[in-house]
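Chain order of the listed sequences is L, V, A and S.
Those letters in the first sequence? Residues 1262 to 1666, per our numbering, in order.
Those letters in the second sequence? Residues -9 to 209, per our numbering, in order.
Those letters in the third sequence? Residues 2 to 385, per our numbering, in order.
Those letters in the fourth sequence? Residues 540 to 709, per our numbering, in order.
Do not take every clue at face value.
In silico SDA-like links for lysine to any residue, alpha-carbon gap of 25 Å or less [as the list claims (entries may be wrong)]:
id, chain 1, residue 1, chain 2, residue 2
1, L, K1433, A, P33
2, V, K34, L, I1350
3, A, K268, L, N1651
4, L, K1331, V, V40
5, V, K34, L, T1660
6, A, K249, L, T1660
7, A, K312, V, C74
8, L, K1433, A, D161
9, A, K188, V, E35
10, L, K1370, S, E622
11, A, K225, L, F1663
12, A, K305, V, R173
13, V, K66, V, K100
14, V, K79, A, G231
15, L, K1331, V, Q41
16, A, K66, V, V40
17, V, K34, A, D161
Far from chain S, some chain L residues (derived; all Cβ distances over 12 Å) [as the list claims (entries may be wrong)]:
id, residue
18, R1330
19, L1378
20, W1643
Stretch by stretch, here's where chain L covers chain V in the computed footprint (C-beta under 8 Å, at least three residues) [stated by the list, open to error]:
id, region
21, 34 to 40
22, 56 to 69
Hints are computed from structural coordinates only; laboratory data are not their basis.
Since we're looking at a predicted model, the values are computed, not measured.
Positions of the beta carbon are idealized from the N, C-alpha and C atoms, including for glycine.
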Amino acid sequence: MLPLAAVISEPSLFSLEHLPRLPQRLVELLLGNFGAPEWLVSIAGFLVAAGTVVGVFLGGFALLSLIERKTLARIQNRIGPNRAGWFGILQPVADGIKMLTKEDIVPDKAEKFLHLLAPILIVVPAILALGVIPYGREWTPVSLELGLLFFFAVGSLTELSVFIAGWASGSKFPMLGAMRAISQMISYELPLIITALGVVMVSGTLSLPHIVEQQNGGFWHWNFFTPWGFFAGILFFICSIAEANRCPFDLPEGESEIVAGHMTEYSGFKYALFFMGEYLGLFAISALGITLFLGGWQAPLPGLGFVPTWIWFFGKLAFVIFLFLWIRGTYPRVRIDQLMRFAWLCMIPMALLTLPAAGVWHFTGRGLLSWVLVVPLLLVPWVIVGVIFNKRLAAATRTYTFADG
Amino acid sequence: MEAQPNTPATSPPDKPARWVMPGLGLFQGLAVTGKNMVQSFYKKERMTTVQYPEERAPISPNFRNFPFLVYDNDPKAGLRCTACSICEKECPPQCIYIVLERDENGKSLKRPKVFDIDLSVCMNCGICAEVCPFDSIYMDGEYELSTDDRFGGLLFGLDRLSKSAEYHMKLRPEQASEVMARRKADEEKKAAAAAAKIAKAKADAEAKKAAAEEKGGEQ
Amino acid sequence: MVSAPSTYSSAPILEGSDADQLLRVSLGPQHPSTHGVFRMNVVLDGETVVSLKPVFGYLHRNHEKIAEGVTYLSSMPYTDRLDYICPLSNNWAYASAVEKLAGIEVPERAEYMRVILAELTRLINHTAFMGFILGDMGAWGSALMYAFRERELILDLFEDLTGARMMANFMRFGGCRNDLPAGWAEKCSVLVDDYGPFLDEMEKFLVGNEILLARCQDVGQLPKETLINGGITGPMLRAAGVNYDIRKADPYGIYERFSFRIPLGDKGDCYDRIMIRFLEMRESLKILRQALDQLPDGDYVNPKIKIRNFKPPVGEAYARIEGPKGELGFHLISDGTVNPYRYRVRPPSFINLTLLEDMCLGLDLADVVIILGSIDIVLGEVDR
Amino acid sequence: MIPLLILAPLILLAAFGAVWMARPVHAALMLALTLALVAVLYLALGADFIGLVQFAVYVGAVAVLIVFSLLITRPGDEAEEIERRPRSLVTGLFCTLPVLAVLAYTAVFGSNIKLIPWQPKLSIAELGEMLFTSHAPAVLALAVLLTAVMIGAALFAREPDKPQDDSSEK
């Protein structure tokens, strides 16, 4: 039985680095203090750790819903929400209250149970996937040896829930949306996994904390700054846009065509749950991308070790998510056949290409020789693709005549 | 017909053989939005919106919205309107309703008893002001006219429509002063005409009298 | 003009065992992309359009019948509400029809004012079009906001001149309602100078964008002959390479005095329609510059025209102008009273819309939205 | 033992549902549930890798594909399905019984089946090494097959383009 003073004087408890683990440690120590059995202590600690992650990302969800609107507004030369609270900081609260008090409409032709199940099923995998990401040196909520596999396994549930949502609504636009969503997600999950495999090959592990550990020592050690990792990272980013259903791949909910896709028949809190699932999925996929390619919680320069590692992680997360928002504010949406063709004829071959490149990189010792071998291996196909694309673009060039009379 | 390559500077290249980076257009788009985002923080003219109740977009002095009736000095007696109903007839959506005021004998007092304009029907076209021969109805610049009373609140009667000539002068100084000058000239002319008429009537009467006397004398 | 037999395609008859595999979707009247209360009954096979029937009339306001019951002048504000994006063109078309009917002369200054206003209106329309079509493609409003910011500047000018931003009610028979306020022409020429850079930015944003190229090229094109037979006018026709612009083909007003060119497209797909509008805006700027430089002094309205009790002689007249969306014509029959006996509008949006199904068949649902956007309709004009 | 006791009835129930549901979509969703529960069973037995792969491949891909193909086909008549049920049941039992019998026989009388002694977990690295050394021919054959399938799929995907191109050239 520890005296409370001893608990508080534990050196690592109050450092910034350990801050995210503070609730868990406190609960564990307090329970231990009151003589709870060990299994209870560990379960309670685990629950609190999970609660921390969920809390952080629910807060992040609320914040992102505001930041997204603010950023888009700035891109569009507006100010954005600024009425609820200081700089509109209370806008998410207002939105939440609005969503909660709205009437929950279930269409007559809907499958009642599945209609209810879908929004729940869409949030759960996103939260589960967030659980295995290493956010800081001391902060990996669940450190799994098969973390990456777990991430993809859980992520695949999203497709099923989108299908359920589209089908159970008993309406046509949701059905179209679900069809689009499933074909899109299946097509883009493949290159997503393949690009991640390159990292696995080089790191020799499926454990996300280990992948991060191997990228330590300055940004030039990050996977993104190797030739194969650069291409794989870009492909991963494109795929993650598609997986997160973000613009320009937001076809499943393309509002100018199919109203809101699979969410058309949802209202009130269920609709909010869809949004939550979407944002959490965005967090999860960006966090995975950071872990795999951008060095996770590693500081960009060796001398910056004094900053808590999780701050680096969330800084990178903010940057990646800003890219998502920027792209959303700029691009129109692609068409479904273009989307599929892009996935199968460009993304997958290019993603497959990164695998031998990663292998060569790994077995030639990551030195000058590796650069000499890997760069042409990657660049030649990219140049070929560029030439093909360029030809297409040339065909797309138009000349216009002017009539004077 | 003269053939020319497309002129816009950033259109896709006109020579098919030229190498462009695939996706260049995408990056250009990002550059434009990025520029807009950054400049929105310090360039006022970039902004599209104003924060309405606190700040308002400047309203042109020529802005017209809803008609009002002008009176000189007294809101009741000084009303310029003569209830001639020209505006009622010309009003495209027929949103004006006028009842002429009459005395007990049914004689017209050349004054409206009722003058209603339905705000929910009025389309602010300004034709009533244009056709009015009595300089009586003009377009207002007031635009915050919303109300929570659907029926009564949107029906403007004489009490809400009548506004003083000073208000008109303040709202549209150029137009109002021109109207004032014209009215003054008209009035003077009228007064002169009336004086002349009275003089003429007097003269006529006298002449009549004289004639009658003459006639009587004859008899 | 090319003349060829009509080649309208018609949708296959939807019967037989395949018919219940098809998905019947009603796009609109409550749908985010239909530009107002427009409805399309679409039959889809997967996402491919098999049949598309436009349904309109939700915004029918009896415009033509109302006009027969009110005076000639009273119809003028109603024409603002036809194509509410560009009211001043409508004003001009109607005014010139009445002028033709009654044989009214228009003073020089008024003609210049009309040209300036009509070309500003064309700028407004095409600028807003860029924003709308990007919205249809799913770009989240950025282009729309940029477009509307510039449109607001022109609307400020309109407000200063006509007293209203959109519902101008400005043209009168034999001229305009009032003269240009002091300093208006200077403000306008500043705007004309500033518009070029804005168009550059907009072109940079849109024209080279690969996604836009992929979405718009080879989408919704029809043979020239079909377009001509269908009565299509305006940028949609010129995008297909038909040199038909009423400003040149049947000059009205004082357009003969200005030097400008008519941009012509080649394929007539959605991309050409966008580009033609860009190029047209540049030509409009040229016209504006010339008109502002030449603007004479003089009467802004023919002083002989009565405002009250205006009665044109018995007869009929059809006048047309090149509106931003196409040929905008008014047909009037007078029986010598204060009301027209017959009043008829030839709305470009409505007639351009008639070939919608032919353009959409066999394409994706997503293309339908772009094609509808590229036709550039305003429901106020379609349904009247 | 406890996870098995909880999960086994659930799996059986879900599997029965997959067979019994009249609507194909419901049946497909029940199938997905069955596969997911099997994955959970693997996880509970300590076979993490196979459990997660089961989840990713069967729930994430196979079930979704089934569901997707159901989406794009015409739903059959439900009442007819229910009417047909007794006949289907008999046929189904007729097919399943031999399998069940073999299983039961091996479980009860199979003398050479022993309880496998608890082995240390096979790590992924070892698994990978085994796959690419002793089982390399099988993996290669599978890889060739899958590549062929993928190329075939790509060709299938390209085919509908052609008529469209023709029509646009007209």
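To see whether the hints hold, each was checked on the structure:
no. : hint              : result
1   : L:K1433 to A:P33  : holds, 15 Å
2   : V:K34 to L:I1350  : holds, 23 Å
3   : A:K268 to L:N1651 : holds, 20 Å
4   : L:K1331 to V:V40  : holds, 15 Å
5   : V:K34 to L:T1660  : violated, 37 Å
6   : A:K249 to L:T1660 : holds, 22 Å
7   : A:K312 to V:C74   : holds, 20 Å
8   : L:K1433 to A:D161 : violated, 49 Å
9   : A:K188 to V:E35   : holds, 16 Å
10  : L:K1370 to S:E622 : holds, 23 Å
11  : A:K225 to L:F1663 : holds, 17 Å
12  : A:K305 to V:R173  : holds, 22 Å
13  : V:K66 to V:K100   : holds, 12 Å
14  : V:K79 to A:G231   : violated, 41 Å
15  : L:K1331 to V:Q41  : holds, 15 Å
16  : A:K66 to V:V40    : violated, 40 Å
17  : V:K34 to A:D161   : holds, 22 Å
18  : R1330             : holds, 32 Å
19  : L1378             : violated, 9 Å
20  : W1643             : holds, 20 Å
21  : 34 to 40          : holds (count 4)
22  : 56 to 69          : violated (count 0)
In summary, the numbered hints that this structure violates are 5, 8, 14, 16, 19, 22.
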